[in-house]
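K.L.:
Spelled out, the chains give:
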Amino acid sequence: MTDITIPDEMWEDGQQGVLGTWYYKSGERVEAGQVIGEVLTEKVAHDIEAPSSGTLTLVVAEEEALSRGQLIARIE
Amino acid sequence: METATQTPTTERLTIARAMATALAGEMRHDPNVLVMGEDIAALGGVFGNTQGLLEEFGPERVRDTPISETAFIGAAVGLASVGMRPVVELMFVDFFGVCMDAIYNLAAKNSYFSGGKMPVPMVLMTSVGGGYGDAGQHSQCLYGTFAHLPGMKVVVPSNAYDAKGLMVAAIRDQNPVVFMYHKALQGMGWLGTEKGSVVDVPNDSYTVDIGSAAVVRKGNDVTLIGFGNTLHTALKAADRLAQEGIDAEVIDLRSLVPLDRDAIANSVTRTGNVVVVDDDYLSYGVSGEVITVATERCFKSLQSAPARVAFPDVPIPFSPALERPWLPSPEHVVTAVRQQLGAGE
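Chains as they are written, first to last, in our numbering: chain V, 1 to 76; chain R, 77 to 421.
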């Protein structure tokens, strides 16, 4: 099982962020390296890539606020 | 559980990524393809549709231009005339005013003027649409403005699959093609993303025929016709109508020029009712053209007056409170269908 978290380098201190879009649903298969979603910080969009291949489980819903290091999805 | 690594044959893409994938594929396939425009190289496009091209193909073939549409779209017409296949971006369709001479007097006409000896195989890609409070000079669609002028093809994808296939087809076409992509469908988070536009796209190259519409939902009671963003408006309306027992067929035009008149006529002949959804201005536009086709070709089959939902004939307001209610919505479409069928209220 692989946890997908908000990378530290994406986040500056005090920054606000939100889960923008998931391109896949829980239960769908994803392949390592595929862009599976998008996180928004201020006006910048960051791709979320699948770190491994497997079945996706979303932990955070779209439009939910995020913080640095937060778990947003799992792949198993 | 991990399984043996295998390359997937499809990938779920936004329209922006699908456009970039199509461009990269054609640039690998044909050394004459190049891309020019404002912020298309280092930034990867304000709307994300040229991401990764500069890194792969370098600044000779992926060129950031000064803010002079007159210069670089004129240059594209020249490049196309001598055998290159330029793809140029007009960042917002609203900016066409300064470069329209190159587009409609040169690109659109030179093939005719030269007896076919000097075709202009260029692609003009341009963003359209509002809904995010960007006011009257950054929110227009202007489909009708371009579709009215002969000599250019005009395509408007509603999803990533069509975006890739139409872009490949546009680049290979011998005619100038205006590729109009809607900001609400690009998959840029800050603009919101219409979910229905993000679909699985084959990794291999393929084309979608320019000039063929698609029936995306079968139905018998009324034909809803949309394209680009309004296709999704029509689909949502169809879902609501289904709850009321009204069985709507939904057609995605995909291409405005050539217009798939047969697809319109075949559907309306069967359903007898038609509502066109267009986020361009109401008058003198695509909605009027589609209704004319329905009237000319299906007059005896019509059971009600064709109807349309479009943006009122005023400049698009900045204020979200003014803009939102005027943009075509599923509610507008449902109301139009109810009135047409005399159902309720």
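Hints in this document: simulated from the structure, not taken from any laboratory. Treat the hints loosely; a few may be bogus.
Subject to a maximum C-alpha distance of 25 Å in a straight line, what follows is the list of computed SDA-like cross-link-like pairs (lysine to any residue) [to be verified]: (1) 271/R x 12/V; (2) 294/R x 207/R; (3) 185/R x 61/V; (4) 312/R x 323/R; (5) 271/R x 8/V; (6) 193/R x 106/R; (7) 25/V x 106/R; (8) 271/R x 9/V; (9) 271/R x 49/V; (10) 376/R x 9/V; (11) 25/V x 124/R; (12) 25/V x 193/R; (13) 312/R x 290/R; (14) 271/R x 14/V; (15) 271/R x 63/V; (16) 271/R x 57/V; (17) 193/R x 71/V; (18) 312/R x 24/V; (19) 25/V x 276/R; (20) 271/R x 13/V; (21) 271/R x 62/V.
K.L.:
Would you list, in rising numerical order, the hints stated earlier that this structure does not obey?
P.N.:
Of the numbered hints, 1, 2, 3, 5, 7, 8, 10, 12, 14, 17 and 20 do not hold.
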